[in-house]
Amino acid sequence: MRFCLIIGFLLAATRVFADVSVVASVDRNRISFGESVTLTVAVQGAHNGEPSIPKVDGLTFNGPSTSTSFSFVNGQTSQSISYTYQVTPGRTGEFIIPAIGVNIGNNTYSTTPIKLVVEKGGSQGDLGQTPFGRVVLPSQQVYIGQTVPLDVYIIWRPEVPLRGSGGFNYQAEGLGYKFLPNLKSGSQVINGEQFNVGVFQGAISPTTTGTLNFGPCFLRVQLTVPNRGGNSLFDDMFGRTQVREVPITIDAVPVTVLPLPEEGRPSDFSGAVGQWNLEVTAKPAEVAVGDPITFTIKISGNGNIDTVPTPKLGALDEFKTYEPTTKTTKDDLNTTGERVIQQVLIARSTEIKQLPEVRLTYFDPVARAYKVATQAPIKLVVKAGSGGQSTIVSGGNRLRPEEKLGQDIVYLKGDLGPVPLATPFCATPTFWALNTMPVLALLGGIGWKKRSDKFRGDVAYARRVRAARDARKLLAAATNYDEVQHAMQNYLGDRLNIPAAGITASVAEEQLLPRGVDTQLAADLKACFEACDTARFAGQSADTGLAATRKNVERLIDELEKTHL
Amino acid sequence: MNLRRHIYKVVILVWLLGLSVAIAAPSDDLKAANQLYDAGKFAEAAVAYEKIEPKAAHVYYNLGNAWFRQDKLGLAILNYAQARRLAPRDPDILANLKFAQQRLGVDDVNTPPRATQRFLRSVIERCTASEWSAGELVGLWLLALAIGACVYIPKARAAFLVIAVAGFFVFGFSSFALSDQVISNHIAPQAIVVAAETEARFAPLSDSTVHFRLAEGTRVAIREDRGQWLFVERADGQQGWVKAESIGRITNF
Chain A
334 MRFCLIIGFL LAATRVFADV SVVASVDRNR ISFGESVTLT VAVQGAHNGE PSIPKVDGLT
394 FNGPSTSTSF SFVNGQTSQS ISYTYQVTPG RTGEFIIPAI GVNIGNNTYS TTPIKLVVEK
454 GGSQGDLGQT PFGRVVLPSQ QVYIGQTVPL DVYIIWRPEV PLRGSGGFNY QAEGLGYKFL
514 PNLKSGSQVI NGEQFNVGVF QGAISPTTTG TLNFGPCFLR VQLTVPNRGG NSLFDDMFGR
574 TQVREVPITI DAVPVTVLPL PEEGRPSDFS GAVGQWNLEV TAKPAEVAVG DPITFTIKIS
634 GNGNIDTVPT PKLGALDEFK TYEPTTKTTK DDLNTTGERV IQQVLIARST EIKQLPEVRL
694 TYFDPVARAY KVATQAPIKL VVKAGSGGQS TIVSGGNRLR PEEKLGQDIV YLKGDLGPVP
754 LATPFCATPT FWALNTMPVL ALLGGIGWKK RSDKFRGDVA YARRVRAARD ARKLLAAATN
814 YDEVQHAMQN YLGDRLNIPA AGITASVAEE QLLPRGVDTQ LAADLKACFE ACDTARFAGQ
874 SADTGLAATR KNVERLIDEL EKTHL
Chain B
226 MNLRRHIYKV VILVWLLGLS VAIAAPSDDL KAANQLYDAG KFAEAAVAYE KIEPKAAHVY
286 YNLGNAWFRQ DKLGLAILNY AQARRLAPRD PDILANLKFA QQRLGVDDVN TPPRATQRFL
346 RSVIERCTAS EWSAGELVGL WLLALAIGAC VYIPKARAAF LVIAVAGFFV FGFSSFALSD
406 QVISNHIAPQ AIVVAAETEA RFAPLSDSTV HFRLAEGTRV AIREDRGQWL FVERADGQQG
466 WVKAESIGRI TNF
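Residue numbers (this note's numbering), protein chains in the order written: chain A, 334 to 898; chain B, 226 to 478.
The following block holds chain B by itself, in its conformation from the complex (with noise of 0.2 angstroms):
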């Protein structure tokens, strides 16, 4: 029962310490741009919601509708990706990145062909980083102390196995989770088109082949970053250059 009982302040604890966002109280500069964007001024409360540090989830998500209203989808798109990327599970996020990528037609493209593919991105992209680190923790100590406790009482060995087996897929989805948003996004950064319509080629040419058409608001993995032209590689695989310009990166994490 002790055991118990300090089981559940650790984990209290260090979910807590894995919380990286705060709840942050409105400021004058978003009310500003709210106003702006209340009296139909869309380009104005854009620059005004650009202006607003930090840019918190609900700053981005504005921005978005700011975009969106102006009929720039695909920088909508970019910044509705950047607020999920921060408030992953808000359902207001969560149905205006939808309805945007379903109005140009992109929903499907910006879906991983596999079906496991699409469960794990899902799974992965319901928390932040920062909770997939607490959750990494809960399960290492989970894992840690329940070990412990197998070594230090023996009668309960059975009991607490379960708890080590429990701990350890945690910490071991947690820990693949972590590594998928941090590093792989590291490696291979996510951005979204927000050209009208982009040209992937075969080379970092102006006039070389067209390999495929990338339509606004596609999600795309930027593989290679050589100034003006990054080569990236969409959802299905498809790999391309594509002018620098056309690209809107997705910075938080």
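Bound conformation, chain A alone (with noise of 0.2 angstroms):
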């Protein structure tokens, strides 16, 4: 059993070690003298092996830091480490970093040299005199059909500030650019000084070969500058500047688009430029004889998605096939995309065992080499129909054709509708009453109930409030002196809260006195009290001075309903 496992594993490592390769990249070949590239060496198909990195006169060599990766696609698992390395110039002039080795096991595997080419930093702008700009890309060979990102920098010093640019202009006959119209912003340090950079993001994807040019590109920038025409002092106190337009020109780029190559290319290839991912899934893997399966293929990658075409599938006679859909999406640049193929089947027989294979052959520009990805047959499992018959059925017949509706816009209407009214309603003086009322009706309301509370739990308030109305009354109905003095009686009983029978002159003036009443109504009043005494002790009648008497009571009462008791 151990000796089993040993040999197992042995084969697994053989298998390993078989599929290794290394690639070695920089982000760019041409760069100005005081920029740095990053050199990454990639390890596929091995976790472990360190590169060893060759002395290079003029060039430093800072790192590595490394990133590990595994995966498992199309049923097949992948692992890989990538190095990575900062490498400075310490002068001008073309370098080549040599073949880098990477010990794996007992094997030495080696990478391409790499061209670099270091120029003086006026070369592509005169940092003295910005703005200017570059074309900056990944490598200048590229394959046709393969999709390279591109990008135009614009650069500029900080403190003259960047308003806007216009009027993008480029030569790139052959090279089928594409560029994001949206200027990215960000910051650079060149010859260790900070600049501001803006960049157009791009890519190419060449559609002939040769070597072509990418530029001279224009544009226009407008820079924000300090306003020299005027008082300086004032215009640096308070901010005052002016827009001024700078031309841009780009010196152009030579790429080199190689053709695909002929050694090794599949017969089945049909074009597919990137690298590319294939997944295929079948729903349900269980059926009945007539019933749909979902046939889903997915292709999704690095390149341009249009140059991938439909998977071809195995034979599939024993299926009755419908139309398949696809839906393909992809970035701006089209430098990434998916493609998604849906085809319904439908089963026609119980002998079906599995789907077809489905392979898709591409070039992979980043190895140099024609590539396959492939799905293994997926195992399909076909029970018999209801009717428990075995045999190819109709497949028309069971499936209803979904109908297709017709779409167009709703035919016009013969009347005029709602009509807006020349003031909107909540604009109109209404709309506000109707808001205010209901507030103020129940302010309004809470008030007169708390009042009516207060009436029936407050007897002195009561009495109080009511003794004047009360009194009147009274004055009014009066035809002798007694009755003007039980009105007096009750008017003082009410508003002092106190028996109205034992009320005399003295007692209203003790009472009154003390509360703060003028010493002249105090007198008045006791006068009033003395009067209808001696009226009502002498026998007077009611005609001599009963009116007069009546009328001196009500102004003292409206003299003392003035007055705070």
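If you are wondering where the hints come from, they were derived from the structure by calculation, not from laboratory data.
In this text, a Cβ means the ideal position worked out from N, Cα and C, and glycines have one as well.
Be careful, since some hints might not be right.
Keeping only pairs whose Cα atoms sit at most 30 angstroms apart, straight-line, the calculated DSS-like set for lysine-lysine is [claimed, not checked]:
| no. | chain 1 | residue 1 | chain 2 | residue 2 |
| --- | --- | --- | --- | --- |
| 1 | B | LYS297 | A | LYS511 |
| 2 | A | LYS660 | B | LYS323 |
| 3 | A | LYS663 | A | LYS631 |
| 4 | B | LYS468 | A | LYS511 |
| 5 | A | LYS787 | B | LYS380 |
| 6 | B | LYS468 | A | LYS517 |
| 7 | B | LYS297 | A | LYS737 |
| 8 | A | LYS660 | B | LYS256 |
| 9 | A | LYS663 | B | LYS297 |
So these bits of chain A aren't anywhere near chain B, every CB distance computed over 10 angstroms [to be verified]:
| no. | residue |
| --- | --- |
| 10 | SER498 |
| 11 | VAL620 |
| 12 | LYS782 |
Using the hints, build the complex out of the two chains.
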């Protein structure tokens, strides 16, 4: 048993080492002096083995930083490790980074040499005279049909802000250049100095081979510069500036477009270029004869998805097929994409055991080789239909074709319909009056309720409030001095919240004077009481002076109503 | 029971007062314009619809159809949107608006990105501003009457409190919807892109950098008006300057 495991492990290890590949690449082949490039050594199919970086006169290598990945695609596992170095040139000129060796197990793998050109800082833009532009291309050697990012940089000093740009013009015949119109901003250190950078992100997808040129490019930028025409002291104080338009010309960059290699080209290659993954699913995997199966093929990856044809399927004679639906999505620059092909299949026989193999052949420009993505046949279980038959059935009778309804706008209307008012309802006085009314009514109602409650619960308050009204009623009905006096007693009793029956002239004076009533008023009241007493005891008739006394009492009640007791 | 009857009367009265629209009889001008449309003279029909006053909901709707037939889908969407402001629940208007937006592929662009925003927008646009005004009044009266009843009829306080809470929510949401339709529309009027493709720029200058592009039929809010240039905001929050002639304003509310 142990022996078998060891043999299995060795076979697996042999298989792993047999698939190992090592590729070195730099993010740019042409840089200005003072900049650095990123060198990446990617080891596919292994998870160890550090590269031996050779010494190159004039180049300094810093690093590495590593990243590992493990993936399971198309039923196959793969692992990789990447080593990243920052390469800084010490002088201008052409450099060759020689083959880099990587020891994995007992084998040594080598990368291909890389050419690096370091130019003077002023060759693509004079740092002393910003703004200037430059073209950044990861590699100047590309394959036809390959999609490669190509960015156009505008570089300017932070102290002279860029207000806008326009009129971007370029020559890129045969390169199929596309760019995003939105300027992406950032910053970059060049020769140890901080600059602001605006990038037109783009990509090329060459359509012809040979040595082509990207550029020259032309564009105009608007810079905000201090206003030199006016009073410089005030300009500096108040930040007065003016907009100056500056034209920028960027030199052409040569791009070598290689044809796809003839060597190793599979017979079924149909022009797909990029790095593509294939995923195939079929649902359900267990069906009855006549039932539909949704067969989905998903192709995704880096490259121009438009170059990827629909994969060829094997024999589908035992299935009734429907027209496949295809949905393609891609990014704005066509550097990544995804295509999902869905086909409905109807199993005609219980003899069907699997779905056919799916195969996609493409050229991988990074590995510089043709590759095949395949999906092993998917197992199916097809049972007899509901009638218990296992013979071929007519799919057309089982599935009614989906009815396609026509679509158009709804026809005209014959009446005018709702008409807008000249003034919206919410802007009319009626609306605001109706808004105010419930608030006022509510406040009034609550106030009234409080008053009623107080009347019921506070006797003194109730007597005080009613005093004048009741007294005036009694006075109005009084026909003799006795009734006039009774009205006065009632009024004072209610106002002072004391029994009315015992109120005499002296009691009234005693009660009123301490409460701050004017002495004259108290005296007048006392006089009224005495006049009534005199009249009553003397037996004077109502005709003599009653009206004057009643009037006098009314006046005194009015005066007392104005007084806070 | 008596109180309930009064509340019912008030609600009906306020609702009737709140209705800002009236159903108008078909006019001869509309019939004539429809005949031009039926004869396939869509350009003439559009001119005839433009002349009809007042601009009722179905005039805008028919005008939208006339522009649609001329393949001016931006103008069609603008007029359907105008019609929807007046008759927000008319199924034909909603169907044609949706169809035209789908034809231009802007139905997603014109939809707010967040689910809560989408829900609020769909609810608020279900009624006209006048209907929300009436709703606000109903809510306020209900709230005031229920609070008053709580004070005067303490035995039924619990029931009236429920009515008061309901009234408060009706009042609150109607006020919110009304302010959204009227005040927001005053601050940032809604508009539709009617030009085939419009570039939104960083500055109101012809050669300033293009920030993004607005497809025909895209709904925008006008944040600033500088005559020939408008500063607009798309439903996803992107902002930029566009030329005024490429935008049509939705005027009714």
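Self-check item: Non-conforming hints, listed in increasing numerical order
Solution: 8, 10 and 12
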